[in-house]
Amino acid sequence: MNTALQPSTSMPWFDVNKGILDRRIFADPAIYKLELERIFARGWNFVAHESQIPATGDFFMSFIGEDQVIVVRDRKGDVQVLINSCPHRGNTVCRAEQGHTNSFFCSYHGWNFDLDGRLVGMPGEEAFYRKDIDKAAWGLTRAAQVTSYRGFVFATLDAAAPPLEEYLGWVGRLGLDMMASKGELEVVDGVVKNRLKCNWKLAVDNLYDWYHVGVSHGSAMRLGLLTTEGNAPDSQMVILGEYGHGIGGPGISEAQFADMESRLVHGKAGEPQWYDRTGINRLSAEVRAELGPVGYRSLGHPSIFPNLWIALTNQICLRIPRGPFETELWWFTMVPKSLTAEQRREAVFVATHYFGPAGLLEQDDGENWSHSTRGAQGSVSQRRPVNYAMGIGQDRVYEDSSGQSAIETVVNEHGQRWTYQAWQEWMLAEDWDALKKNHSQPPRGSV
Amino acid sequence: MVAAVELSISERVQLQFEVEQFLYFEASLLDERKLDEWLNLCAEDIHYWMPIRRTTTAKEVAREFTAPDAMAFFNDNKAMLALRVQRLSVGRAWAEDPPSRTRRFVSNVRVLDVVGDDIRIGLNFHLYRTRLDSEEDSWYGRREDVLRRTPNGFNLAQRHIFLDQTVILAQNMSNLF
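Taken in sequence, the protein lines are chains A and B.
Just so you know, the first sequence maps onto residues 0 to 446 in numbering that gives the first Met the number 0.
Just so you know, the second sequence maps onto residues 0 to 176 in numbering that gives the first Met the number 0.
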């Protein structure tokens, strides 16, 4: 019996007060299996952007945990999220990553499903089944709920999940608004995918990690692709939201906005083309009003729990679990439709060269995460918990009169701690009712 | 443009020999980590591109690769290639420290056509990479290169790499193809 799965305390894996984490959560197959059930099959998962499937019959293949799902535009124009498994024998009914189709036809025996998942027919319905099959009961499994937030399509496999907007809360919505406020977005063709030998959570917690940049990405810093000024280690802002969402990274002042304006709008001689253009839309009064008095000052990385990172480079990244020791990274690049051809070229150029397996930043990340995963597997190394304690108890949550709140501080690990605190609560909760009752509200006061 | 088949057999034999010797030479520079020397072989207007490949149905196989203006694994000009090479010399380029060990093979080399000084060729490649004690990556694919005749020998004016993988089954592509 796996004692890790029969916890006798409220903090079996992560000591919230000390910031100490049991690293076996990166290696234990039983914990991984429970994550698939209690996190991925329960939460809302980003599956696609609406611009990827504009027309009826357009589909994109995605994942919720290890359940492969077809995201498809049906005949009514609605987005359906269907589990890619024929109820007859379990075979997949679609094997392409994306495309256009009139129906999903199982290659095993020919059961045929409409774009909304309804079973419309099969060979031998009269001759072999003798009409004794209830087709209405044997369609593809549909996601329990599908909702699009400003073009970002999310699905949950749990009917008891709260509505998406409630799940996201103001922090999750703010993270998506940071992208959506750039204008009507479209995904640039080509999702960049590669597979790492790491536990998915190590990839997720890295998005809050502004401590690793100077070391892990030291070569990129030395080439001028990243700057200490841009990373703002002494001007960090962390925004924490219900259910594990958060935003962490540079928080910029009015003076920094003025400098950004001079660089981005008026240009600066000799400025490398790599400088961060993320902030350019924050100069507009409408966008500032939309993101709120705290939100508009954050140039941090939003995280939608469990596994969506909204990056600064017109990109978002899914961290898809592929077993306890493997993770797929999927980079979606999305740009405003309003960009000029030249602006679009530049956005695609930056997206191509920062992230992805050949990206000048990201190629140095994978081995750190895979070796951290390896470090969770040694029979002795795994006994030693790992340290997520940076800055614990040192900071305060600032509450703005607007209702928004943030921690303003130096480089820290508040976001990572919040992730594992939420992860632990998700893992301990039997179901949505329990999670709703027993999850932490974002901290106030000292943090 | 002169299609290769329009050349005489002796011209084709000579060209084939020259092209293959160049390919072996530049592959050896990459395998031996002589990246500055390799970069010197690249033309100023080189286009170094690896589109993303997707699994599609047979009916939609024309959409298998992303277009040049869409996302790609590599979409480099000479300045970007120089940055990749420079990255490895400035320190803290962990993906290649300790360095990977690579072995490149090219085969099925065909001269497709000749336009002035530019010789367009198609070939198959295998790039094997191993690092540390047990990491192994193996990439197969097709390339469409353009070799340009100069007074100092061939330059590489185009490298278009069509990989056989869709999801890259490697933690990175810190090497050149």
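These are calculated hints, taken from the structure and not from any lab test.
It cannot be assumed that every hint is accurate.
[Stated by the list, open to error] Derived Cβ-Cβ restraints for the label pairs, each shown as a range:
{"#": "1", "chain 1": "B", "residue 1": "S106", "chain 2": "A", "residue 2": "S252", "range": "20 to 26 Å"}
{"#": "2", "chain 1": "A", "residue 1": "Q342", "chain 2": "B", "residue 2": "D35", "range": "31 to 37 Å"}
{"#": "3", "chain 1": "A", "residue 1": "S401", "chain 2": "B", "residue 2": "E135", "range": "51 to 57 Å"}
{"#": "4", "chain 1": "B", "residue 1": "T54", "chain 2": "A", "residue 2": "P28", "range": "27 to 33 Å"}
{"#": "5", "chain 1": "B", "residue 1": "H125", "chain 2": "A", "residue 2": "V214", "range": "33 to 39 Å"}
{"#": "6", "chain 1": "A", "residue 1": "T339", "chain 2": "B", "residue 2": "S7", "range": "47 to 53 Å"}
{"#": "7", "chain 1": "B", "residue 1": "H46", "chain 2": "A", "residue 2": "G56", "range": "33 to 39 Å"}
{"#": "8", "chain 1": "B", "residue 1": "S88", "chain 2": "A", "residue 2": "D115", "range": "53 to 59 Å"}
Think of the CB as a built atom: it goes at the ideal place given N, C-alpha and C, for glycine as much as any other residue.
Hint check:
The supplied range of 20 to 26 Å is broken by B:S106 and A:S252, whose beta-carbon atoms lie about 59 Å from each other. A hinted range of 31 to 37 Å holds for the C-beta pair A:Q342 and B:D35, which are about 34 Å apart. At roughly 54 Å, the beta carbons of A:S401 and B:E135 sit within the given window of 51 to 57 Å. Here the CB-CB span from B:T54 to A:P28 is close to 28 Å, well matched to the stated 27 to 33 Å.
As the Cβ distance of B:H125 to A:V214 is approximately 34 Å, the hint placing it in 33 to 39 Å holds. As the Cβ distance of A:T339 to B:S7 is approximately 50 Å, the hint placing it in 47 to 53 Å holds. Distance hint for B:H46 and A:G56: a CB-CB separation of about 35 Å, consistent with the stated range 33 to 39 Å. A beta carbon spacing of about 56 Å between B:S88 and A:D115 agrees with the range 53 to 59 Å that was offered as a hint.
The earlier numbered hint that this structure contradicts is number 1, and it is the only one.
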